[in-house]
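K.L.:
Each chain, letter by letter, is given below.
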Amino acid sequence: MRHLLGIAGWRRDELEALLDRAQTHLPGGPDASHVLRGRVVANLFFEDSTRTRSSFEVAARRLGADVLNWSYAGSSVSKGETLLDTARNIEAMGPAAIVIRHRSSGAPGLVARHVKCAVVNAGDGAHEHPSQALLDAFTLRQRWGRLDGRTVLIVGDVLHSRVARSNLLCLKALGARVVLCGPPTLLPPGLEEMGGEVSHHLDAVLPQADAVMCLRLQTERMSEAFLPSQREYSRLFGVTPARAERMKPDALVLHPGPINRGVELSPVVADGPRSVILEQVANGVAVRRAILEACAS
Amino acid sequence: MTPVLFQRARVIDPRNGVDGVRDVLVMDGRVAQVSEGPLPAPKDARVVDATDQWLVPGFIDLHVHLREPGEEGKETVLTGCRAAVAGGFTGVVAMPNTKVVNDSALVTELVLSRARDAALCHVYPAGAITKGLKGEELSEAGELIGAGCVALTDDGRPVMNAGLMRRVLQYATQFDVPVMVHEEDLTLSAGGAMHEGATSTRLGLRGIPSSAEVAMVARDLVLLEETKGRLHVAHVSCEGSVRLIREAKKRGLRVTCEVAPHHFTLDDRAVGDYDTHAKMAPPLRSDVDVRALREALVDGTVDAIATDHAPHGVSDKLVEFEKGINGIVGLETALGLTLALVHEGVLTPRRAVELLSDGPARVFGLPGGHLAPGAPADITLVSPSEEWTVDAHRFYSRSRNTPFHGRTLKGRVTQTWVGGRCVFEDGQLKESR
Ligand SMILES: [Zn+2]
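Just so you know, the protein sequences line up as chains A and B, in that order. Last residue of the first sequence: number 311 in our numbering, and the count goes up by one each step with no gaps. Last residue of the second sequence: number 439 in our numbering, and the count goes up by one each step with no gaps.
Source of the hints: derived by calculation from the structure; they are not laboratory data. Using N, Cα and C, we set each Cβ at its ideal position, and we do this for glycine too. What you were told as hints is all true, and nothing was included just to trick you.
Below are the DSBU-like pairs computed for lysine-lysine, each with C-alpha atoms no more than 35 Å apart in a straight line:
| # | chain 1 | residue 1 | chain 2 | residue 2 |
| --- | --- | --- | --- | --- |
| 1 | A | 130 | B | 329 |
| 2 | B | 140 | B | 329 |
| 3 | B | 329 | A | 186 |
According to the in silico footprint, chain A covers these stretches of chain B (three or more CB under 8 Å from chain A):
| # | region |
| --- | --- |
| 4 | 205-217 |
| 5 | 317-330 |
Make a model of the complete structure from these sequences and hints.
P.N.:
Below, the structure is given as structure tokens:
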């Protein structure tokens with residue numbers, strides 16, 4: 015049993031082994047429905063995310079597990095039950111793994127220190143979203159073979175993005191160069207210490223990129239005065255058809271979804287030939303099967 | 007009262023320029039004589055052999071949360087006083103942000119009466135600047151000071167309204183008490199859970215920039231200059247604040263400040279893996295800030311070491327980091343952490359003692375802090391090189407929230423004397439009740 019709390023703490027060879035396992039879980043691969051047969055995987059979602067939850071659920075079921083879905087809505091949390099109370103109650107049902115999504119950074123780690131089963135982080139605050147980073151890396155590896163020497167550009171609200179942090183760590187670990195681009199108010203200090211390069215000028219760095227990863231822009235960032243307007247953001251940091259033209263001919267476009275169409279990514283590009291967005295979704299299930307296999311079996 | 011003769015102690019009394027082996031005689035609760043040669047023991051006197059120990063003025067902590075009235079599950083005046091004397095403190099200033107705010111003589115008197123019952127150390131209440139700490143209306147400072155408050159503070163919260171801050175600085179000049187401030191611009195710290203820096207980025211926690219503190223220090227120094235008041239800046243945590251205070255002092259402004267042991271010992275990396283025991287306000291800052299605080303302790307910019315002793319229950323810390331309540335207990339680790347700076351060669355023994363005793367006494371105009379004949383016999387005996395390991399479960403405080411559990415410290419309090427009475431000795435309390 016091992017937890018997956020973040021990409022931090024995993025070595026390159028371990029990450030690659032996980033991605034290799036994921037390869038075997040692609041459609042057409044060997045039957046794996048016995049791996050978690052008779053075991054329970056608990057989905058503990060304190061924050062709505064139909065996509066991630068469904069992806070973990072499908073992954074667990076294809077490994078033969080029973081899935082316990084627990085969601086925040088209508089739970090006893092609103093009546094003052096603490097996170098650890100909830101986790102211990104779920105643990106009492108004997109799951110092999112708890113998959114947890116929480117709005118507070120570090121929440122899965124807190125749970126992991128107090129339960130005996132494996133804990134998989136399905137996204138915590140602005141900290142990490144390791145399964146997303148692994149499926150992104152998997153998708154790029156599928157296209158490129160290896161990530162060494164490639165440049166990946168992550169564009170947008172890095173400050174609030176767990177996807178950006180996990181991807182930065184994961185892509186760096188796998189040998190890629192990572193450039194983070196966005197307005198200064200949305201790029202926190204210390205990204206260089208995590209191995210990233212920082213830019214505020216999309217047009218300057220775009221031609222270097224082998225892949226551009228757009229981050230979802232939350233509309234509340236305007237009211238919090240991180241940004242003057244969505245309009246200005248799109249003009250400065252939106253991946254538009256005109257910008258896509260200036261990218262390397264074979265450069266890829268990724269997005270963790272759901273997309274604000276026309277804000278961080280224009281529909282033409284999202285649905286165009288560069289886009290690997292639907293491959294990301296499909297790969298997500300295979301990668302999550304590998305994660306559950308590694309952690310829960 | 008039994009006379010006491012301390013023999014062959016290394017007496018460190020910064021105010022009176024003493025640092026050397028002395029005999030100290032205590033009569034009727036006061037220091038009677040400090041002598042370079044051996045003193046004869048009076049009849050019936052208790053004789054304490056203090057060879058190889060430091061005998062210093064009892065420590066005074068300007069910043070302690072005793073939680074009574076209102077949160078007695080975390081601490082009471084009695085348990086707080088026990089922790090204080092176990093840490094070598096003979097006097098503590100009690101913050102007013104209890105769960106009936108100390109904004110009236112009634113609450114002040116309650117705290118003082120609990121302190122009399124405890125009969126362990128001096129408790130000096132601080133009164134609230136504003137009624138209910140709401141930051142709206144001034145509380146009745148005259149009444150509070152009349153009842154025994156030694157300073158005014160809304161600690162726990164800043165006074166965000168500059169106009170109100172200006173007025174309290176003016177108003178307090180008639181009583182000549184310091185206005186003690188918790189400097190935090192809430193619009194800059196909003197939503198923040200730790201210091202803004204590489205660690206907050208890595209952990210994905212919203213950061214609190216240093217400017218949240220420094221901007222308020224700057225504002226209040228401007229107001230101080232205009233009002234000719236007395237400002238005491240609580241728990242200074244960063245380089246920018248230190249720089250402004252140093253410069254203001256040079257210009258002759260009546261500003262003083264304190265630094266907490268955790269801020270000169272730990273930096274933001276102590277948050278590590280979301281350790282809520284490293285969560286406090288102001289937050290643990292960068293290594294650069296820690297270095298600046300240490301320099302300021304040396305050069306006199308800092309007047310006092312104060313613990314910001316903030317007891318909380320286990321469940322307040324066993325939560326998501328963002329939900330964790332700020333603060334750590336500090337009374338029982340303050341000496342060890344301060345002496346670490348001495349053992350590292352940052353502070354001289356004399357300066358360390360000054361920051362724990364004479365400095366705080368001067369800042370709030372409190373009795374004690376020195377050992378001249380006639381001074382109250384508030385005395386701490388220290389075994390400066392004795393190593394011990396912090397065990398939070400053995401604290402006299404009712405709470406255990408500390409990031410220093412398990413840390414080995416060098417320097418331990420062996421005896422604490424208040425008004426000529428031994429209240430703590432060899433790890434045991436000597437309670438009169
Ligand atoms: Zn404070």
